[in-house]
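A.B. asks: Sequence:
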Amino acid sequence: MFAYIKGTLEYKGNDYIVVEASGVGYKIFTAISTIESAGGIGTSVKLHTHLYVREDIMNIYGFATQEEMGMFELLISVSGVGPKAAISVISSVPPSKFGLAVITDDAKTLTRAPGIGNKMAQRIILELKDKMKKQQLDAVNNAGEQSAEADRQRTGAAEAISALIVLGYTPLEASRAVSAVYSEGMELELIVKNALKGLIR
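For the sequence shown, our numbering assigns the number 976 to the initial residue and increments by one for each residue that follows.
These aren't lab readings, by the way, just hints derived from the structure by calculation.
Be careful, since some hints might not be right.
[Claimed, not checked] With beta-carbon atoms standing in for the labels, derived distance ranges: (1) Lys1002 / Thr1079: 31 to 41 Å; (2) Asp1081 / Glu995: 19 to 29 Å; (3) Arg1087 / Thr983: 30 to 40 Å; (4) Gly1000 / Thr1040: 31 to 41 Å; (5) Lys981 / Ile1032: 16 to 26 Å; (6) Pro1089 / Ser1052: 16 to 26 Å.
Yeah, the Cβ is synthetic: ideal placement off N, Cα and C, and Gly gets one too.
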């Protein structure tokens, strides 16, 4: 419904901010890091938004970047993970580390988030890995040449591509971004961080 909301910061709560836009005050739930970096009251802010609707709930969740919103939407697609748990992960784990945690089975990184135990972390990894594999299979069916090129990447580059796919980028976008920054011997986390810089939308 809302791609983003841009307006004046009117209030900061523990887990939300209020942004006034065109005379309407929007209560937007968001990560602690976003609240802290939003600036002072009266500051102009812009948040990418997701409208979460259930039987008796209609809340707006806001994110500083498209990558964080992509993380949120992936997380709430996992069985048993609600918006509060998703926001907790976003507050504790940056997008680049999140993608790496999923593809490397690093449950410990995810359990840094309050409320995320080992069992839930393992479920997140399992379900998102399955989604990632499906995206890669679709890429094989729809873009054979692109997938063949990805197959020729070295292990580090291939894992970086997978991490970006976890964050919601298409296989083609991920492959191009990694190819633009990759060099022999680069650490996986550095590849992902540099590739993300080129993908910021």
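A.B. asks: Given the hint of 16 to 26 Å, is the C-beta distance from Pro1089 to Ser1052 inside that range or not?
C.D. replies: About 21 Å separates the Cβ atoms of Pro1089 and Ser1052, which means 16 to 26 Å holds.
A.B. asks: Note whether the CB distance of Gly1000 and Thr1040 lies within 31 to 41 Å or breaks it.
C.D. replies: 23 Å Cβ-Cβ, so the 31 to 41 Å window is violated.
A.B. asks: Can the suggested window of 30 to 40 Å be confirmed for the beta-carbon pair Arg1087 and Thr983?
C.D. replies: holds (33 Å)
A.B. asks: Could you see if the CB distance from Lys1002 to Thr1079 stays within 31 to 41 Å?
C.D. replies: holds (37 Å)
A.B. asks: Can the suggested window of 16 to 26 Å be confirmed for the beta-carbon pair Lys981 and Ile1032?
C.D. replies: 24 Å Cβ-Cβ, so the 16 to 26 Å window holds.
A.B. asks: Starting from the hint 19 to 29 Å, judge whether the C-beta atoms of Asp1081 and Glu995 obey it.
C.D. replies: Roughly 40 Å apart at Cβ, these two residues miss the hinted range, so it is violated.
Against the hints set out earlier in the document, violations occur for numbers 2, 4.
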